[in-house]
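Here are the chains, one letter per residue:
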Amino acid sequence: MTFPPTSGGSGRATAGRAATDVATPAVERLPGAAPTSSAAGLPLPIRKRRASQFDGGRGYVSEQEWRSRGVSTTMKTLHLILLVLLVVVGVGPMLLLAKFAVTPTQDIIRSPLAVFPHGMRWQNISEAWNDVQISRYFLNTIWLAAGSWFVQVLVATTGGYVLSVLRPAWGRIVNGLVIATLFVPSVVLLVPLYLTILNPPVVGTSLINSFFAVWLPSGASAFNVVLVTRFFDSLPREVFEAAKVDGASSYRLFWSVVLPMSKPILGVVSVFATIASWKDFLWPMLVLKDPSKQPLSVRLPAIASQTDLGVFLASLAISTLIPVVFFLIFQRLFLSGAGLGGAVKG
Amino acid sequence: MSATGAGRRRSPVTWAKRGGLSSVVFALPVLVVFGVFSWWPIVRSVVMSFQKTNLVGSPRWVGWHNFVFVLTDPDLPTAIRNTLYFALLALVIGYPVPLVTAVLISSVRRYKGLYSVLAYLPVVVPPVVAVLLWKFFYDGSAQGVFNTILRWVGLGPYSWLSSPSLAMPSLVIEATWAAAGGTVIIYLAALIGVPDELYDAAEVDGAGIWQRVWHVTMPQLRGVLLITFILQIIGTVQVFLEPYLFTDGGPANATLTILLMIYNYAFARSLGGNYGAATALSVMLAAFLAVLSLVYFKLTSRWSKS
Numbered sequence: 001m002t003f004p005p006t007s008g009g010s011g012r013a014t015a016g017r018a019a020t021d022v023a024t025p026a027v028e029r030l031p032g033a034a035p036t037s038s039a040a041g042l043p044l045p046i047r048k049r050r051a052s053q054f055d056g057g058r059g060y061v062s063e064q065e066w067r068s069r070g071v072s073t074t075m076k077t078l079h080l081i082l083l084v085l086l087v088v089v090g091v092g093p094m095l096l097l098a099k100f101a102v103t104p105t106q107d108i109i110r111s112p113l114a115v116f117p118h119g120m121r122w123q124n125i126s127e128a129w130n131d132v133q134i135s136r137y138f139l140n141t142i143w144l145a146a147g148s149w150f151v152q153v154l155v156a157t158t159g160g161y162v163l164s165v166l167r168p169a170w171g172r173i174v175n176g177l178v179i180a181t182l183f184v185p186s187v188v189l190l191v192p193l194y195l196t197i198l199n200p201p202v203v204g205t206s207l208i209n210s211f212f213a214v215w216l217p218s219g220a221s222a223f224n225v226v227l228v229t230r231f232f233d234s235l236p237r238e239v240f241e242a243a244k245v246d247g248a249s250s251y252r253l254f255w256s257v258v259l260p261m262s263k264p265i266l267g268v269v270s271v272f273a274t275i276a277s278w279k280d281f282l283w284p285m286l287v288l289k290d291p292s293k294q295p296l297s298v299r300l301p302a303i304a305s306q307t308d309l310g311v312f313l314a315s316l317a318i319s320t321l322i323p324v325v326f327f328l329i330f331q332r333l334f335l336s337g338a339g340l341g342g343a344v345k346g
Numbered sequence: 001m002s003a004t005g006a007g008r009r010r011s012p013v014t015w016a017k018r019g020g021l022s023s024v025v026f027a028l029p030v031l032v033v034f035g036v037f038s039w040w041p042i043v044r045s046v047v048m049s050f051q052k053t054n055l056v057g058s059p060r061w062v063g064w065h066n067f068v069f070v071l072t073d074p075d076l077p078t079a080i081r082n083t084l085y086f087a088l089l090a091l092v093i094g095y096p097v098p099l100v101t102a103v104l105i106s107s108v109r110r111y112k113g114l115y116s117v118l119a120y121l122p123v124v125v126p127p128v129v130a131v132l133l134w135k136f137f138y139d140g141s142a143q144g145v146f147n148t149i150l151r152w153v154g155l156g157p158y159s160w161l162s163s164p165s166l167a168m169p170s171l172v173i174e175a176t177w178a179a180a181g182g183t184v185i186i187y188l189a190a191l192i193g194v195p196d197e198l199y200d201a202a203e204v205d206g207a208g209i210w211q212r213v214w215h216v217t218m219p220q221l222r223g224v225l226l227i228t229f230i231l232q233i234i235g236t237v238q239v240f241l242e243p244y245l246f247t248d249g250g251p252a253n254a255t256l257t258i259l260l261m262i263y264n265y266a267f268a269r270s271l272g273g274n275y276g277a278a279t280a281l282s283v284m285l286a287a288f289l290a291v292l293s294l295v296y297f298k299l300t301s302r303w304s305k306s
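Residue numbers (our numbering), protein chains in the order written: chain A, 1 to 346; chain B, 1 to 306.
Read the hints as simulated data drawn from the structure, not as lab findings. Source: prediction; values computed, not measured. Each hint should be verified, as a subset may be incorrect.
[As the list claims (entries may be wrong)] Here are the simulated SDA-like cross-link-like pairs (lysine to any residue), alpha carbons at most 20 angstroms apart as the crow flies:
| hint | chain 1 | residue 1 | chain 2 | residue 2 |
| --- | --- | --- | --- | --- |
| 1 | A | K289 | B | L241 |
| 2 | B | K135 | A | P301 |
| 3 | B | K52 | A | L198 |
| 4 | B | K135 | A | L198 |
| 5 | A | K289 | B | L114 |
| 6 | B | K135 | A | I303 |
| 7 | A | K76 | B | I209 |
| 8 | A | K76 | B | W210 |
| 9 | B | K52 | A | T196 |
| 10 | A | K76 | B | S270 |
| 11 | A | K289 | B | L55 |
| 12 | A | K76 | B | Q143 |
| 13 | B | K135 | A | I109 |
| 14 | B | K135 | A | L113 |
| 15 | B | K298 | A | A180 |
| 16 | A | K279 | A | K76 |
| 17 | A | K99 | B | L241 |
| 18 | A | K289 | B | T148 |
| 19 | A | K99 | B | I149 |
| 20 | A | K76 | B | R110 |
| 21 | B | K135 | A | L95 |
| 22 | B | K135 | B | R151 |
| 23 | B | K135 | A | P104 |
| 24 | A | K99 | B | V145 |
| 25 | A | K263 | A | A146 |
| 26 | A | K76 | B | V100 |
| 27 | A | K76 | B | S107 |
| 28 | A | K76 | B | L99 |
| 29 | B | K135 | A | N175 |
| 30 | A | K279 | A | K263 |
| 31 | B | K135 | A | S111 |
| 32 | A | K99 | B | Q143 |
| 33 | A | K76 | B | G208 |
[Stated by the list, open to error] Using C-beta positions, here's what the derived DEER-type ranges look like:
| hint | chain 1 | residue 1 | chain 2 | residue 2 | range |
| --- | --- | --- | --- | --- | --- |
| 34 | B | G208 | A | S135 | 55 to 61 angstroms |
| 35 | A | R67 | B | E197 | 20 to 26 angstroms |
| 36 | A | G204 | B | V68 | 34 to 40 angstroms |
| 37 | B | T300 | A | Q64 | 35 to 41 angstroms |
| 38 | A | M120 | B | K52 | 57 to 63 angstroms |
| 39 | B | S58 | A | I329 | 51 to 57 angstroms |
| 40 | B | T300 | A | S126 | 52 to 58 angstroms |
Ideal Cβ placement from N, Cα and C applies to all residues, glycine included.
For reference, chain B alone in the conformation it holds in the complex (with noise of 0.2 angstroms):
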């Protein structure tokens, strides 16, 4: 640390005898290894959405027409409609789950690590093995495993991932199902910092067991219960294993999302290398989320500061 404070005009001999050399020599594997697959991709992919790139000549400036490319792409209102959807969706299906879920194991007695690992368990299984075991499960057939099941009680059977209107449904349930875990756990975390005290003073001022969850537990998740909000929007905008995997984006477009599109201006088979469609939709993408969080931020700093 003596080797920060000792000023700038140094010979470089005194320097590297301070330690400064081994300084560098520590920083290198981060230097290169963000300089190279971070930080100039970064920098890289803004300055490739002004570009036309192929993969022979040097690339060409084209100013916005990238941008005007995407924005005029008549499957873009579609991509944006339907990634809006998912998200709203996840949020209806998937948001309560995992606070309820959290509130009640935070209040089992015995076995309360069964609970909760047996809630983090489809959280390990690869996202790629659960898309393609639901996959199955969504068999449209009769003998479909989800349709014989709802045949037990009278319903169906439903054509899942071939339906326009079931196709995104049916994603988002997967989804749930495979993310739900973590976000258990993350409130599990922390409701044990909810400080005794307060249940204590609510139960002497008389408040039953619904009244301290409510008014008690809830105020004192706020501020992790905003950040999980805003950080499932961000991720579920972002969504791009279920749509491919499932339906590739079909049937009829129902399930194209941004990342979809993203992923086919650059790398479908019979279109693809359109790379300067591909950053610019990303930096469009990247910005929007950026000023959606710093607006959300801002909106919510009031509560969240309780």
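This is chain A alone, in the form it adopts within the complex (with noise of 0.2 angstroms):
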């Protein structure tokens, strides 16, 4: 999946400052806005999808050199350490918790990185995922992350519709204060937060052991609504206007217009949303107390101690998959995300 060149306008930004600055994320740069194209001063075809969005420039080693034997040589020699580095340190411990998942546990415990010595069991994966449960936990953690995308989702784009096309005279307040919350630490939210799941205005009853406690406060991610309304602010407000003159009301401008406009956007929040449900641990363990409801992030500790080796690393690969598959298939929005995402962790 590609971003489409929509807004490119605005994407002057060089992805290093861009990344430099946290609190204004380079969502320009997202947007297919190339850098290669302004570098090379040439108009790239629009449909050419380039091998990886991080290609581009010459580089610190020139076309020359490359010819060069010697520099070549080099280069391809450091370059092919890495790759094996890269597959041995950074996918190895996987490929090895899928060799353990249909290895019988006698073999892991005696000799763990033999090859099969006393041939497969499948039924690892079977127990795992009907003896132990897994299914039923593996179905949570996917409503788990689906209801926290729907908050997300929500919230961001309302939120980013109120302060960047609708603009009320206390708009800069809501803006200042969900920024601000941006340079809290979440530890300090974490007694008080328990404490308002435990009793919640309005409601009048606990949330623990409900869903809420866990879709409600992921709604509230600063990062989200800076990222959504920066793009909001970057769309053309000449449409905004056309479609205010042809008498469409803020609902139908919202519906119509600026939601379609913004799929680009969209697609990152919903990769970061269901991901960061997925990885969610202290959180669901806190509010989720009834086992039949937790996520397997909570289950796996807990079931640890109790369940065959094997069958437990096939538990562990299970949990696995999803999560690998997924980013192997949206690579390139995982990837251009990472860039914003990871700054913005602490």
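Please assemble the complex out of the two chains, which come individually in their own frames, going by the hints.
Dropping the structure here:
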């Protein structure tokens, strides 16, 4: 999946500058604003897909040097070593996990690195799925991710619409308050948020063991709101004005004009939301005490000691599969987002 | 937009007709969600740090008592030392790795996408799964995965997580493995922004490849490097998952960190329920991090503006 090259005009910020500035994430850089095109000074064919979004420029090794045998051999050797290291160190643990998932427990314990000395054991996977009830926790994880996704997209798009397009007089205060939360470490929220869930306003009953306890707080992501607001800021105002002249109400403008133009940023927010939810551990552990409600991340440490090692490692493998496959399918979206995502994690 | 400029003394009816009402409707999700789950808890955190709160009766004001309690806790110096040790080790081990990786990847000409995907892959593994898997790798017996590999080169066996001196480095190595890919991608994104002309000019001046990396690439990355440096410190000072799942603070408090203390004050099974102490410590931590970032940005503002 690639970003359609919309709103390219604002993409003059160089990637380096943009990644530097945490408060103004480089959304402009996202929607196909290829620094290559400006660097080369040539109009790139629009449909041309770059091999990787990190291609571009000449880099510190020049064309001429690449033709020299000495430099070329040295660089290629370095690259090969790097590739081997990335495969062994980065992917190796996951490959081992995949192997353990279908290895008899005795073999895993006695000779973890031998390649199937006594054959495979596919039952590990079915036992994990059925007997350990990974299927149930899997479903919980998906439900939590789906709900968190919905709340986050709802809050971020409506909030961004108010702050960027409608701009009421009090919008600035809201904007300031939202951005201020970026600077508060999440640990500060832990205890008071827990007490809020125990005794929420209006609802009158504890939200412990309710998925809402995870869904609703996930929406309070200042990062999402800032990201979407910046994106809306970059959309052409003339379109909004034209829609208003044609008599579109602000609901209509939101639903039929702004949202359809925001697919790239919705993709980024969606990826962040689902992945963050899939990874979350501490918060769901605190508020979902009923094991039948818990997601994989909470359940896996709890079952570790009473589960057969082979079956347990198969459970770990199953839990890893979805995010990895998701990543391989949407890698461009992930990697484009990672530049900003990593920068605001603190 | 015309609604904002029209001045303040309008009747509610014209305000609603001009779209003021729809602004409020659209702002409701943000106001409610942030209000209940972010702004109010932040304020309440500060309030609670001066109170004694329990789940039955109403909270009682206790002044600075919670802060005194935390600051005189004999475990606090250990936790601070461990947390700083974790942050320091994470810098020594984890800071150069993504930089070197990204600079090398940036010069790859074919399959650059493959390299970046491989580098990022560990980040996608759910952190809990990564910790539990590595916990198995760190098995201290001679048949443990890492001990088996090290035996091939004549080392070990090591007891990893159950050794007070090796436990923390073991945590840091796993944490680096899990997080480095994200930083690699940040650097890669920054590297494509380095202007070609700078390299051309350096080459004309006779700079070799290594000199170009050192005198062109590195200075161009300075802004990003400064940010990732402080963000990494802010992140590692708040480490929780690794010490909690790997060792639960042990052996002999060797991996007890500040966040683990906060968690234990509030939620640990045996003690727990000391919400005042937990919020007091988290407020102090937040204040420390805020001061640290302020000082850092003050000190580095001169360098980052080239």
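Okay, the hints, checked on the actual structure:
With a C-alpha separation of about 18 angstroms, the suggested pairing of K289 of chain A with L241 of chain B holds against the 20 angstroms cut-off. Proposed proximity of K135 of chain B and P301 of chain A is supported: the alpha carbons are some 11 angstroms apart, at most 20 angstroms. Simply put, K52 of chain B and L198 of chain A have alpha-carbon atoms about 17 angstroms apart, close enough for the 20 angstroms limit, and the pair holds. Our distance criterion of 20 angstroms between C-alpha atoms is broken by K135 of chain B and L198 of chain A, whose separation comes to about 33 angstroms.
Using a Cα cut-off of 20 angstroms, the hinted pair K289 of chain A and L114 of chain B is violated, with the two alpha carbons roughly 41 angstroms apart. Restraint check for K135 of chain B and I303 of chain A: satisfied, since their Cα atoms lie roughly 14 angstroms apart, inside the 20 angstroms limit. Our distance criterion of 20 angstroms between C-alpha atoms is met by K76 of chain A and I209 of chain B, whose separation comes to about 14 angstroms. Our distance criterion of 20 angstroms between C-alpha atoms is met by K76 of chain A and W210 of chain B, whose separation comes to about 15 angstroms.
Annotation: proposed proximity of K52 of chain B to T196 of chain A holds, straight-line Cα distance about 16 angstroms (limit 20 angstroms). Straight-line distance between C-alpha atoms of K76 of chain A and S270 of chain B comes to about 58 angstroms, which puts the hinted pair past the 20 angstroms bound. A hinted pair counts as satisfied when its Cα atoms are at most 20 angstroms apart, and K289 of chain A with L55 of chain B qualifies at roughly 17 angstroms. Between K76 of chain A and Q143 of chain B, the direct Cα distance comes to roughly 37 angstroms. Violation of the 20 angstroms bound is thereby established for this hinted pair.
Straight-line distance between C-alpha atoms of K135 of chain B and I109 of chain A comes to about 14 angstroms, which keeps the hinted pair within the 20 angstroms bound. At most 20 angstroms may separate the alpha-carbon atoms for a hinted pair to count; K135 of chain B and L113 of chain A meet this at roughly 16 angstroms. Of the supplied pair hints, the one linking K298 of chain B and A180 of chain A holds, its CA atoms being roughly 19 angstroms apart against a limit of 20 angstroms. This hinted pair does not check out: K279 of chain A and K76 of chain A have alpha carbons roughly 36 angstroms apart, beyond 20 angstroms.
Annotation: proposed proximity of K99 of chain A to L241 of chain B is violated, straight-line Cα distance about 26 angstroms (limit 20 angstroms). Restraint check: the Cα-Cα separation between K289 of chain A and T148 of chain B comes to about 38 angstroms, which exceeds 20 angstroms; the hinted pair is violated. With a CA separation close to 16 angstroms, the supplied pair K99 of chain A and I149 of chain B stays within the 20 angstroms bound. Of the supplied pair hints, the one linking K76 of chain A and R110 of chain B holds, its CA atoms being roughly 11 angstroms apart against a limit of 20 angstroms.
A distance of roughly 16 angstroms separates the Cα atoms of K135 of chain B and L95 of chain A; the hinted pair therefore holds under the 20 angstroms criterion. The suggested pairing of K135 of chain B with R151 of chain B holds, with an alpha-carbon distance near 18 angstroms, which does not exceed 20 angstroms. The straight-line distance between the Cα atoms of K135 of chain B and P104 of chain A is roughly 19 angstroms, inside the 20 angstroms bound, and the hint therefore holds. A C-alpha spacing of about 13 angstroms is found between K99 of chain A and V145 of chain B, which places the hinted pair at or below 20 angstroms, so the restraint holds.
Under the criterion of a C-alpha separation no larger than 20 angstroms, the hint pairing K263 of chain A with A146 of chain A is consistent with the structure, at around 18 angstroms. Between K76 of chain A and V100 of chain B, the direct Cα distance comes to roughly 16 angstroms. Compliance with the 20 angstroms bound is thereby established for this hinted pair. Taken as a hint, the K76 of chain A and S107 of chain B pair is honoured in the structure, with Cα atoms around 10 angstroms apart against an allowance of 20 angstroms. In summary, the hint linking K76 of chain A to L99 of chain B is supported, as the alpha carbons are separated by about 19 angstroms, within the 20 angstroms threshold.
In summary, the hint linking K135 of chain B to N175 of chain A is not supported, as the alpha carbons are separated by about 43 angstroms, beyond the 20 angstroms threshold. For a cut-off of 20 angstroms, the pair hint linking K279 of chain A to K263 of chain A is broken: about 24 angstroms separates their Cα positions. Our distance criterion of 20 angstroms between C-alpha atoms is met by K135 of chain B and S111 of chain A, whose separation comes to about 17 angstroms. Between K99 of chain A and Q143 of chain B the CA atoms are separated by roughly 17 angstroms; this keeps the pair inside 20 angstroms, and the hint holds.
Restraint check: the Cα-Cα separation between K76 of chain A and G208 of chain B comes to about 17 angstroms, which is no more than 20 angstroms; the hinted pair holds. The hint said 55 to 61 angstroms for the Cβ distance between G208 of chain B and S135 of chain A, and at roughly 59 angstroms that hint holds. A C-beta distance of roughly 21 angstroms is found between R67 of chain A and E197 of chain B, which places it inside the suggested range of 20 to 26 angstroms. Between G204 of chain A and V68 of chain B the Cβ separation comes to about 36 angstroms, which falls inside the hinted range of 34 to 40 angstroms.
Separation of T300 of chain B from Q64 of chain A is about 37 angstroms and conforms to the stated range, judged on CB atoms against 35 to 41 angstroms. Separation of M120 of chain A from K52 of chain B is about 58 angstroms and conforms to the stated range, judged on CB atoms against 57 to 63 angstroms. For S58 of chain B and I329 of chain A, the Cβ-Cβ distance of about 52 angstroms falls inside the hinted range of 51 to 57 angstroms, so the restraint holds. Here the CB-CB span from T300 of chain B to S126 of chain A is close to 55 angstroms, well matched to the stated 52 to 58 angstroms.
Checked against the numbered hints listed earlier, the structure breaks hints 4, 5, 10, 12, 16, 17, 18, 29 and 30; every other hint is satisfied.
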